[in-house]
Amino acid sequence: GESVGLHLPTLSVQEGDNSIINCAYSNSASDYFIWYKQESGKGPQFIIDIRSNMDKRQGQRVTVLLNKTVKHLSLQIAATQPGDSAVYFCAEKPLGRAGSYQLTFGKGTKLSVIP
Amino acid sequence: DGGITQSPKYLFRKEGQNVTLSCEQNLNHDAMYWYRQDPGQGLRLIYYSQIVNDFQKGDIAEGYSVSREKKESFPLTVTSAQKNPTAFYLCASSILQTPRGEAFFGQGTRLTVV
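Those sequence lines, one after another, are chains A and B. Using this note's numbering, read the first sequence as starting at 1 and increasing by one per residue. Using this note's numbering, read the second sequence as starting at 116 and increasing by one per residue.
Note that these hints are calculated values from the structure, not bench results. A quick note: this is a predicted structure, and the numbers were derived from the prediction, not measured. C-beta atoms are modelled at their ideal positions from N, C-alpha and C, and glycine is treated no differently. Hints should not be assumed to be uniformly reliable.
What the hints assert, rightly or not - Listed next, the stretches of chain A that the computed footprint assigns to chain B, with coverage defined by at least 3 CB atoms under 8 Å from CB atoms of chain B:
no.: 1; region: 38 to 46
no.: 2; region: 82 to 93
Stated by the list, open to error - Simulated pairs of lysine-lysine, DSS-like, Cα-Cα distance not exceeding 27 Å:
no.: 3; chain 1: A; residue 1: Lys110; chain 2: B; residue 2: Lys129
no.: 4; chain 1: B; residue 1: Lys124; chain 2: B; residue 2: Lys186
no.: 5; chain 1: A; residue 1: Lys42; chain 2: B; residue 2: Lys185
no.: 6; chain 1: A; residue 1: Lys42; chain 2: B; residue 2: Lys198
no.: 7; chain 1: A; residue 1: Lys42; chain 2: B; residue 2: Lys172
no.: 8; chain 1: A; residue 1: Lys68; chain 2: B; residue 2: Lys129
no.: 9; chain 1: B; residue 1: Lys172; chain 2: B; residue 2: Lys124
no.: 10; chain 1: A; residue 1: Lys110; chain 2: B; residue 2: Lys124
no.: 11; chain 1: B; residue 1: Lys124; chain 2: B; residue 2: Lys198
no.: 12; chain 1: A; residue 1: Lys42; chain 2: B; residue 2: Lys124
no.: 13; chain 1: B; residue 1: Lys186; chain 2: B; residue 2: Lys172
Next up, chain B with everything else stripped away, as it sits in the complex (with noise of 0.2 Å):
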């Protein structure tokens, strides 16, 4: 089956650790996306990219890097820079230019930092 798949579903963290939190596809879609979603708040882009080795910052980039060697996988880095880690993480991919903006979503990461 089609899908986005995100590991670990849960992710434990100490203070002043990288940690890299991993997303694959086999949808064939050319972009994809990480978001971050805090208690009662609504999604907030982290990073998207649209083409391999191409990415640009969304809204809340800061302490957070990604790559995108492959078409199929886009691993988004949670560095000791991100003062407020813990949350629940989303990937997400989409057509490229899709008109109507949907999005496809991994079933999440919850990172907690101990």
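Isolated chain A (complex conformation) (with noise of 0.2 Å):
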């Protein structure tokens, strides 16, 4: 979930298990969300993207769920692997309003996978 201090949110999960990753967004009238994952020292890197219109969107080995009515996000990643520890965030862009500087991003969950 979303971190309300200095300290990240962390996730430990086996290897080869299920992770879910949890985002509470603020603003019912965004259209789209982005899940990025952020290894540590690079840049971000798009995952997938869900539109407030959808409720599920599968990509390879990850899920975005969207439940509007509480406004939760949530990232599924099948079958855990070390590759897949990093920092995971989420993304709301306004509805309506086109560019990425409209995107307000959470602060991250930081994944660990033991091996």
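Take the two lone chains and join them into the complex the hints point to.
This is the structure:
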């Protein structure tokens, strides 16, 4: 989930297990939600996004679920691998406004995979 | 390969000095952005540019300056007016009017004041 201080929430999972990373977003008028993966010392990488008119979207080994009722977003990673260890954060974009500068980023969750 | 290149990867600045962080992209994107990332925090927008010779302040522009003389380049200067410049700086680019908001990021520059 979202952190409220200087320390990121951490999720530790065993290699091969599934991971679920959560994000609470603030703007009910957001139309796109994006998940980014950031490895230590590197820039964020796009993983998957979902439009607000969808509840679920699947990619390769990842699934994003959107619950607009409670303004909650989750990223599920199947069969977690050591290479999945990173900080994951969500971003939301306001409805009807184009351009990446509109993105609001969450604070992130650190995923640690135990071999 | 297309991408965004930031340099240097690590930068040390003395108190009172200005330093410039480089960002170059060959993705032919019109829009470019600078973000600041502090430990345990989300990304905060410093400046963005949607077209050459034009740029806009983001949420935390004080103490920073930018230029956009070429489409490919968007350097960021951290001035001595920035009171707490130690952070990880990320440059990004995107298609100008991307409805999805997706941005492509560089590998970052870690700036430390010594």
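Against the earlier hints, flag every one the structure doesn't satisfy and list their numbers going up. The structure breaks hints 3, 8; every other hint is satisfied.
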